[in-house]
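In this note's numbering, the protein residues as written are 12 to 96.
A portion of the hints provided could be inaccurate.
Claimed, not checked - 25 Å max Cα-Cα, derived SDA-like pairs, lysine to any residue:
1) Lys14 / Ala87
2) Lys66 / His21
3) Lys79 / Ser19
4) Lys25 / Tyr57
5) Lys66 / Ser80
6) Lys46 / Leu77
7) Lys14 / Thr68
8) Lys51 / Ser19
9) Lys79 / Ser53
10) Lys79 / Gly55
11) Lys39 / Asp83
12) Lys66 / Asn89
13) Lys14 / Val81
14) Lys39 / Ser59
15) Lys39 / Val78
16) Lys73 / Lys47
17) Lys25 / Ile45
18) Lys47 / Glu36
19) Lys39 / Glu86
20) Lys14 / Ser59
21) Lys46 / Asp83
22) Lys47 / Thr68
23) Lys25 / Leu42
24) Lys46 / Gly58
25) Lys39 / Tyr57
The set of hints was computed from the structure by calculation and includes no laboratory data.
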Amino acid sequence: MSKIYICSTHRDTKAKVILELPTSEEAKQALQRIKKENPKLSIGVYGSRDLATFKRTQRALKSPTLVKSVDDFLEAMNEKEMETV
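All chains should be modelled from the sequences, with the hints used to inform the complete structure.
Laid out in structure tokens, this is it:
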């Protein structure tokens, strides 16, 4: 089963943040909420079988922060420093 990944880059640190979601319906709701709370945020939406496959296809993602909830994603985008996976 595929997963949906919503990605963005932190504006200050240039660190990548990835939100992993299990269904496209959850991804649509998450995307609406993210755009509502931070309309200027540049994001990408991707589908992949798992995180390892996704990282292989996205070579530019050197050491991203992986989060599982919209709240954590929004919080990570607002933090100055982030941990990486």
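A quick look at each hint next to the structure:
1. Lys14 / Ala87: 20 Å, holds
2. Lys66 / His21: With a Cα-Cα distance of about 18 Å, the restraint between Lys66 and His21 holds, given a limit of 25 Å.
3. Lys79 / Ser19: 14 Å, holds
4. Lys25 / Tyr57: 19 Å, holds
5. Lys66 / Ser80: 19 Å, holds
6. Lys46 / Leu77: Distance ~19 Å between Lys46 and Leu77 Cα, so the pair holds.
7. Lys14 / Thr68: Status holds; Cα separation ~14 Å.
8. Lys51 / Ser19: This hinted pair holds, its Cα atoms lying about 11 Å apart.
9. Lys79 / Ser53: Cα-Cα ~19 Å, so holds.
10. Lys79 / Gly55: 16 Å, holds
11. Lys39 / Asp83: With Cα atoms ~17 Å apart, Lys39 and Asp83 stay inside 25 Å; holds.
12. Lys66 / Asn89: 23 Å, holds
13. Lys14 / Val81: OK: Lys14 and Val81 at ~15 Å, within 25 Å.
14. Lys39 / Ser59: 16 Å, holds
15. Lys39 / Val78: Holds. Lys39 to Val78 sits at ~16 Å (cutoff 25 Å).
16. Lys73 / Lys47: 28 Å, violated
17. Lys25 / Ile45: 18 Å, holds
18. Lys47 / Glu36: 17 Å, holds
19. Lys39 / Glu86: Holds: Lys39 and Glu86 sit about 19 Å apart, inside 25 Å.
20. Lys14 / Ser59: 6 Å, holds
21. Lys46 / Asp83: Distance of about 15 Å is within 25 Å: holds.
22. Lys47 / Thr68: Distance of about 29 Å is beyond 25 Å: violated.
23. Lys25 / Leu42: Answer holds: Lys25 to Leu42 is near 21 Å, not above 25 Å.
24. Lys46 / Gly58: 19 Å, holds
25. Lys39 / Tyr57: 12 Å, holds
Consistency note: the structure conflicts with the earlier hints numbered 16 and 22.
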